[in-house]
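**Q** Here are the chains, one letter per residue:
Number of protein chains: 2
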Amino acid sequence: MPDISIQNPPLELIDVAKVIEQELDAQLGQLQLPEHLADATSYAVVNGGKRVRPALTLLCCEAVGGSKKEALAAAIAVEFIHCFSLVHDDLPAIDDDDLRRGKPTLHIHAGEAMALLAGDLLLPLAFSQLTSANYPPQQQVRLTELLAIATRDMVVGQVYDTLGGLPEELEKQASIEEIHRNKTGALIRCACQMGAICGGASSEAYEAIDTFGEATGLMFQIVDDLIDLHGSEDHVGKATGKDAHAGKATYPGTIGVEKSKRVVQELHDKAESALSGLGATAETLCSFNVWLAHRTR
Amino acid sequence: MPDISIQNPPLELIDVAKVIEQELDAQLGQLQLPEHLADATSYAVVNGGKRVRPALTLLCCEAVGGSKKEALAAAIAVEFIHCFSLVHDDLPAIDDDDLRRGKPTLHIHAGEAMALLAGDLLLPLAFSQLTSANYPPQQQVRLTELLAIATRDMVVGQVYDTLGGLPEELEKQASIEEIHRNKTGALIRCACQMGAICGGASSEAYEAIDTFGEATGLMFQIVDDLIDLHGSEDHVGKATGKDAHAGKATYPGTIGVEKSKRVVQELHDKAESALSGLGATAETLCSFNVWLAHRTR
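If you read the protein sequences in the order shown, they are chains U and L. The opening position of the first sequence corresponds to residue 137 in our numbering, with each subsequent residue numbered one higher. The opening position of the second sequence corresponds to residue 137 in our numbering, with each subsequent residue numbered one higher.
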């Protein structure tokens with residue numbers, strides 16, 4: 137992994153994040169929720185996040201020849217699931233985090249009961265995003281299926297990470313890979329798969345995106361581990377070094393920093409080469425992948 | 137409401153509950169989950185519950201001319217959502233209950249982190265039940281849509297119940313009705329709607345079942361309030377009188393016991409008359425409704 141650091145994503149990717157941010161806000165605004173619940177949900181969702189997962193959904197849709205607009209509802213659904221997981225993971229019973237993206241976490245801001253329930257709310261809202269969108273029924277069923285499975289796997293990953301329970305015969309690196317693949321990789325891979333489905337991918341294009349998503353999902357968490365190890369709190373917007381201190385399994389903690397960087401490079405390359413058959417429509421996705429490998433936050 | 141108490145449902149309804157219990161167990165057994173998570177999920181789900189919601193799904197399917205088997209996956213999905221809500225509602229941050237159906241609640245049994253995560257897991261498992269069943273795509277989309285909306289409403293009801301936030305202009309009875317309709321009524325109504333859809337209901341039959349479900353859902357919670365007030369802890373299997381002591385809004389606390397019993401009778405009658413056009417296929421559903429109005433646990 138060359139030591140290139142790229143703090144901000146390219147401009148056009150910032151534009152994608154803005155579109156997503158606006159749509160998240162618009163979708164939440166349409167719901168008729170009690171005011172305090174609406175506030176808590178907005179606090180959890182419209183918070184200046186990087187929007188990596190929904191951006192991947194839009195860009196994977198574009199990569200297989202669709203227009204980003206077609207994938208917007210699926211992208212919002214994925215981001216709702218991601219935001220649900222952040223809120224619940226931050227709770228005192230799990231990671232007990234007070235800070236997220238430089239702001240108090242939701243349970244600090246609005247109390248534990250509200251954080252628990254606002255998190256719970258985001259799950260059905262995600263599935264409602266899919267059913268209320270204009271996708272053909274068979275496509276909707278596939279999207280729902282993928283999102284449900286990825287959410288299940290994400291929860292399983294969180295259980296492994298928080299409470300252990302991996303098969304004892306797994307070696308250290310295989311264990312950490314199993315945690316990361318579930319906890320972070322599953323939803324990122326799903327974000328990519330959903331984008332491909334929304335874009336009407338051929339089975340070859342779907343396989344390409346799926347390979348891309350699997351590699352990128354694992355890579356994303358290893359880069360996160362590296363940032364957690366080296367970033368400053370100001371920069372990352374949450375407590376850093378915490379995972380390592382909490383005795384949580386991390387890639388650099390398991391195989392070392394240099395080997396972790398090599399794995400990032402390998403996964404980046406694997407993801408990139410998966411896109412080679414898709415041609416010019418995958419260019420933005422490809423440059424996003426470069427940023428994901430080199431990001432510093 | 138005549139003071140008839142019926143402790144146990146009729147024999148054939150016990151059979152329905154057994155079928156559901158077996159299917160819940162079978163569905164959970166098929167999942168490849170880490171052992172402690174599988175144990176926690178089983179503990180939350182396969183627990184001798186009354187299975188009112190999935191029984192309604194099966195019986196509403198039968199009432200519109202379908203066979204109970206067709207509605208089994210939808211019934212399991214509804215019960216997963218119900219079990220998720222029980223686990224999260226029992227958590228210290230919400231109701232802080234130590235006892236459920238005569239056993240320690242999941243967070244007492246397996247810790248708070250596991251209870252939170254096992255609850256989270258049940259939500260995607262519910263939606264996976266629908267997509268992995270053999271329903272035609274359009275039916276699946278409707279089922280997913282209804283379940284997502286009902287889950288949302290249930291969470292909103294829990295927010296009202298725990299954290300307030302109802303419109304201030306609502307009178308007391310309207311407020312408690314709004315809480316009950318969301319917190320308990322929405323999922324019961326959804327259970328009925330889903331059964332009707334699985335049974336291929338005509339639009340008239342669907343409307344009949346929907347009216348039935350709406351009345352039964354509200355009635356169910358009022359009967360629960362009455363049982364909570366008068367039952368003994370041994371009998372109910374959880375702490376009784378707790379809702380009233382916690383200052384939570386209840387029907388008898390708001391409009392008195394006698395008037396609450398009258399409302400139960402009215403809702404029972406409304407539900408029963410909604411079924412009148414469905415004929416002999418609705419007979420079991422009808423007798424279930426009688427038990428729901430007169431049950432003592």
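Just so you know, the hints here were simulated from the structure itself, not pulled from any lab data. Heads up, some of the hints might be wrong.
Note: identical chains are not told apart, hence a pair may lie in one copy or across any two.
Capping the alpha-carbon separation at 25 Å, the derived lysine to any residue pairs in SDA-like fashion look like this [as the list claims (entries may be wrong)]:
id, residue 1, residue 2
1, K395, V155
2, K308, G415
3, K395, E419
4, K406, R237
5, K205, E171
6, K397, L167
7, K308, N144
8, K186, P273
9, K239, L306
10, K205, P273
11, K308, R237
12, K384, E248
13, K384, Q168
14, K308, Q158
15, K308, A249
16, K308, L235
**Q** It remains to establish, for every hint, whether it holds in the given structure.
**A** Evaluated hints:
When the C-alpha separation of K395 and V155 is checked against a cutoff of 25 Å, the pair qualifies neither within a copy, at 37 Å, nor between copies, at 53 Å. For the identical chains of this complex, K308 and G415 are neighbours neither inside a copy (38 Å) nor across copies (64 Å), given an alpha-carbon limit of 25 Å. Taking the shortest Cα distances, K395 and E419 never come within 25 Å of each other, neither inside one copy (28 Å) nor across copies (68 Å). For the homomeric pair K406 and R237, neither the shortest alpha-carbon distance inside one copy (30 Å) nor that between copies (52 Å) is at most 25 Å.
With identical chains, the CA atoms of K205 and E171 are never at most 25 Å apart, being 30 Å at best within one copy and 42 Å at best between copies. Proximity of K397 and L167 under a CA criterion of 25 Å is satisfied in neither setting, with 43 Å inside one chain copy and 35 Å between copies. In the homo-oligomer, the alpha carbons of K308 and N144 never lie at most 25 Å apart, since the shortest distance is 33 Å inside one protomer and 53 Å across protomers. Taking CA atoms no more than 25 Å apart as the test, K186 paired with P273 passes in neither setting, with 31 Å inside one copy and 34 Å between copies.
In this assembly of identical chains, K239 and L306 lie within 25 Å of each other by CA distance neither inside one copy nor across copies; the values are 38 Å within and 35 Å between. In this assembly of identical chains, the alpha carbons of K205 and P273 lie at most 25 Å apart whether taken from the same copy (18 Å) or from different copies (23 Å). In this assembly of identical chains, the alpha carbons of K308 and R237 never lie at most 25 Å apart, being 30 Å within a copy and 41 Å across copies at closest. With identical chains, the CA atoms of K384 and E248 are at most 25 Å apart both within one copy (24 Å) and between copies (19 Å).
Taking the shortest Cα distances, K384 and Q168 sit within 25 Å of each other only across copies (23 Å), while inside one copy they are farther apart (40 Å). Proximity of K308 and Q158 under a CA criterion of 25 Å is satisfied in neither setting, with 42 Å inside one chain copy and 38 Å between copies. In this assembly of identical chains, K308 and A249 lie within 25 Å of each other by CA distance solely across copies; the values are 24 Å between and 36 Å within a copy. Neither within a single protomer nor between protomers do K308 and L235 lie at most 25 Å apart by alpha-carbon distance, with minima of 30 Å and 39 Å respectively.
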